[in-house]
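The residues making up each chain are set out below.
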Amino acid sequence: MIQHFPVAAVMLLFLAAFLVEIFGSKNAVVRNVIALEAATISAVLIFALVKPILIDGQVISYWMGNWAPVSGYAIGIGYEIDALNLFFALLVCATFWLSCVYSIAYMKNDRHLGHYYTLFLMLSGSVLGLVLTGDVFNMFVMIEIMTFASVALTAFRNDSDFALEAGFKYLVIGSIGSSMTLAGVALLYGQCHTLNMAQISAILAGRMTPTSIMALGLIIAGFGVKSYIVPFHTPAADAYTTAPTSISMVFSGMVNKAGVYGMIRMVYVVFRAMDKSSVQMLLVLFGAATMFIGVTMALTQHDFKRLLAFHSISQIGYVITAIGLGSALGLTGGLFHAMNHTLFKGLLFLTAGAVLYATGTTNLDKVGGLSKKMPVTAACFLVGAFSISGLPPFNGFASKWMVYQALYTRAMESGNFVYALVTVVALIVSVMTLASFIKVTQSAFFGQCPAELKDTKEVPFSMQLPMIIMAVLCVAAGIFYKAVDKFLLNPAVNASFNVTKYVDSMIGEGTAAAAGLENILVNPVEFSFWNPLVWLVLFVIVFAAIALVILYGNFARGKVLEPDTANDAKYATFFSGEQEEFSQVAGSDLFWGFKKDWKGYYKVLVGLHNGNVNDYSTMAIIAAAVIVLCMFIFMR
Amino acid sequence: MLKELLNKSSMKSPWIYHINSGSCNGCDIELVAVLTPRYDAERFGFKLTGTPRHADIVVVSGPITSQSKERLVRTLAQVPEPKCVVSLGSCPKSGNVFKGSYSVEAPLDNYVHVDVSVAGCTPKPEAIMEGLYKAAQILQEKREAMNK
Amino acid sequence: MIIVNYIASVFLIVLGFYTVCMKKNLIKVVLGLGIVDYGVNMLIVSLGFNAGGTAPIYQLSDLLNGVAPTFFVDPVPQALTLTSIVIGACVDAMALSLVIMIHRKYKSVNADEVRRLRG
Amino acid sequence: MFNILWSLFYVLIFPGALFTVAVGLLLAGIDRKVVARMQHRIGPPIRQPLYDFLKLIGKETIIPKAANKLAFLGAPFVGFVSLALIMLFIPIFGFTAFSTSADMIVILYLITIPGVALIVGGSSSGSPYAGIGISREMVTMMAYELPFVLVLLTVAKKAGGVSLAFSMDAIANWQAANGSMLFQWAMIPAAIAMLLVIPAEVGTQPFDVAEAETEICEGPLVEYSGAPLGLFKLNSAMKMFVMSALFVSLFLGGIRTGFILIDAIIFVVLCIIVTVLCMSTIHAISARLKIEHLFKFYWTFVAGLAMASLILVWCGL
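Residue numbers (numbering that gives the first Met the number 0), protein chains in the order written: chain A, 0 to 635; chain B, 0 to 147; chain C, 0 to 118; chain D, 0 to 316.
Derived from the structure by calculation, the hints contain no laboratory data.
Accuracy of the hints is not assured; some may be wrong.
Here are the simulated BS3-like cross-link-like pairs (lysine-lysine), alpha carbons at most 25 Å apart as the crow flies [claimed, not checked]:
hint: 1; chain 1: D; residue 1: Lys-232; chain 2: B; residue 2: Lys-141
hint: 2; chain 1: D; residue 1: Lys-232; chain 2: B; residue 2: Lys-46
hint: 3; chain 1: A; residue 1: Lys-569; chain 2: B; residue 2: Lys-123
hint: 4; chain 1: B; residue 1: Lys-68; chain 2: B; residue 2: Lys-92
hint: 5; chain 1: A; residue 1: Lys-456; chain 2: D; residue 2: Lys-68
hint: 6; chain 1: A; residue 1: Lys-481; chain 2: A; residue 2: Lys-372
hint: 7; chain 1: B; residue 1: Lys-68; chain 2: D; residue 2: Lys-64
hint: 8; chain 1: B; residue 1: Lys-141; chain 2: B; residue 2: Lys-7
hint: 9; chain 1: A; residue 1: Lys-602; chain 2: D; residue 2: Lys-295
With beta-carbon atoms standing in for the labels, derived distance ranges [as the list claims (entries may be wrong)]:
hint: 10; chain 1: D; residue 1: Lys-295; chain 2: A; residue 2: Leu-607; range: 19 to 29 Å
hint: 11; chain 1: A; residue 1: Lys-453; chain 2: C; residue 2: Ser-107; range: 34 to 44 Å
hint: 12; chain 1: C; residue 1: Lys-106; chain 2: A; residue 2: Glu-451; range: 26 to 36 Å
hint: 13; chain 1: C; residue 1: Arg-103; chain 2: A; residue 2: Lys-107; range: 19 to 29 Å
hint: 14; chain 1: C; residue 1: Asn-109; chain 2: A; residue 2: Glu-451; range: 47 to 57 Å
Note that this is a predicted model, so its numbers are computed, not measured.
The beta-carbon is built from N, C-alpha and C at its ideal position, and this holds for glycine as well.
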């Protein structure tokens, strides 16, 4: 029974996609019910797999149409779910469910919502299929559906010229990536005469040929495009900005996680190339470039969503760096950061969406003082911002710590100075991330409220709910990091290092042993930097201090809402004695000193992001060529 | 006990905010002289702050020109309690040589309660020191009154 | 000789990439993407082709019992190619429709003019 | 239960909140006194920062209309808590309250929090002066973070436990075995860099662009009054102690008498020396920098020093 769950979850989403188009294009209630039901049921189906796979350690394999392997050769399309798949599937499910809830209120003023939900469900289904499948070509098909749906959703608000332009760029770069993946898959088939990942893994174990090296290079490039590492990131920034925010959240929460998943699955499981120092160095360098360029571009943005888009790119840099290290700690950190990225970046996109919904703009120079109008959104935003900057009680801290620890341990072990420099970059990027979120905090949520936003209202509850859920998850993942590591990360890490079980349950007992695949048991990461007790005591201190202040501080806050005190100069902002007036330090004015010192760098960088689709494609193709060449030169 | 400590320390650390309401700069220079090594008001804890929100003692110099009057009153309102107002030099007290001018609205007492007046054109730094010290004592009295 | 296929497919891929990178006209960019697709498809078909092989139409049991001749053209790549052609066609249609919409908004299909999102 | 009581003791009294506050106020007082003496003044009594704090507690707290009340009042507490926590991770020679394998990262991030608290608090007050102030504060933070990180990595590499790369305890043990870090000549540039990082982190004179009282009315603190302001002042005093303590345990460790009390006294004396050396002296002899000069200074000169040390250490020196 349970082995039908994964495929049912995928099928259900695709089925619902068509049902929405048939029945729901006119009626909003039917549409919402179908979409939400499908999302919920398929999420429940996936969550039902948690016990057998993550806790009992089973691997579920499923053959489409019962085309089981014949004499050790896989001939059908197989779905295979181990802890690694399921980890990503859970992220995907959580993301599309929350996004679906959020969409209902957020999108209700748009037209053609039938198409929206169709595409949304297709996107969800394809990403879910991508992470659950055990077949390389099926993976490619899912990537294509994903790209197709993403492009259509990016250009969904097609009355905006930006959306169309972003959709087109996304399509071009995305297709280049898909073509590379397809070429890689083709070469892999030519080498192994099978498309099943487990079998390819068994065949390729320890026997890399030039063809498979080429295939690995192409596939890394292909998934690099899907996870938007620099220099493939250019369309991502545009697409995240212009897509409806519920979709931006899906993009950063699951579409680029699909790329990360593909990268891990291919490098760790299928090719088992994670112990090759050239692959490690390549991924780490690309990751470092991604995080640095992403964050420095984000610092100059003055559009809320575009800023978040560049941060999304930057955080994926951390993930790629961490998984590129090929060590257990690195992969744990990478997976944890991927999960945290889904949580906090989804949360931040939702708050951006809430700001857009409430004020009609995401331009940071035009908003301000929203924290008094939208307290829930502001609180959620702060949680997300602190999480992404890695401040201690939140989840970003634990995962970033693992990334640094893995990087610097590797640097000390291998004596390679490059890794030490990457550690420095990672630490600096963290503070720059904080800086750009401070910019948003100051210019959107704090500061002064412009006159035209005086009537701003908090968003409806169905939009608040996903934000609150994600904020709570952010804090919980930071506090109960040990449970997360034990029940989610460690099984996934074990699954990606130990493929015997994966291969055996797919192809048949003994295949792995015959191919010479071995198991290395990975122990849970030993955390010792955190003692929840300390925090408990600290809260006591805080309350004691607050009590002290309340007792002796003589708080004298007038009731500012009353008319006579509203004009009381005592509670007005200090303007060197002038009458209070609107004066907001807007987003683009912040960090002037920094930008002045970095003028030359920004000139080059902004020049590279020139918006020309030809230049973007050239960058992408050159990078792909570099990846393939590096593979060839250094893998031998 | 803590209350006594608070009362005592309000005298020991009076922070000054200085408002120039059209002064000729003579008094301003003398006020700065008070903080220089020769007179060193910091040994009593005096410190110049940049914003009225931090201030305990507001030092007003100049004859209150009509342009600055509104700003002066608004800034004085923004100082948290307990606070002391010190008028520095003869100008804020009487208008001095500017008295009778169409643009001078001199006595500061018309707008706000002045606790200490330091007379002179310009007052000597020693006089300013004494005035500020008296203001600090008044500050402590006000602080004690706040508890009742 | 079958190597001609591989040379041709690589040539098509390179040509497609060249078109995507160098041609300013968005429609030509879309054509370039198509050409890349065809190149990759040709690569896949060539992988499964065995010169002189027969058509792969057998029962599984025949194959296992050794009744059927074992030298045949691999059917899987052909299936893959079909799938990939269909997907490619969809993507091209989508891209062209986007170009049409872009032309309406921007009054141009020149890549140098369709770049309002940058920096 | 016993464990909890010990934790409580660590957090509340030694080396947590109370100890940090006491030594922080002491250091701040000494700093003011030394600066005054250097300028040939008599200067305030050493207990002056305590008076300032108590006075501010006794004053009225005004919350401006434009401010977000929760963030405005909560920010200084958050900063206080994180500063009280940092001392738990810094070894006082042989003694660490919570010995862990990742102290450095924890310390690095916890030291960021008071700055963030200042920024969030200032930002929430809605004043444009605060807006400019937080911008400068953030740029300062980015400026000193690079040399700071480089120094930490240098020390971590020198002390060299591979699996305990970021452990402060490992560094303390290494110094106990091999003598203070400062006596390794390859570490001297890093030590100088660290001495220059401290004033920017604390925000004393040449690097106090964020709180420039004469040009932007105390920057982020412009709207603060009363108890929250007092807490912010207390935070900056505590930061003084925490940063100099970090310097002492990174570079001047290795002294172990076996008695925690004597250790602590020596530790505090060393902290005073560091404070006088890197904060009071520089404060007394220099004028405020401009923000872009500050950034350039840290990313070229100071980071260069730290990088030189890192490369030397990486070469095995």
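Inset, instruction - Find the hints from earlier in the document that the structure breaks and name them by number, from lowest to highest. - result: 3, 6 and 14
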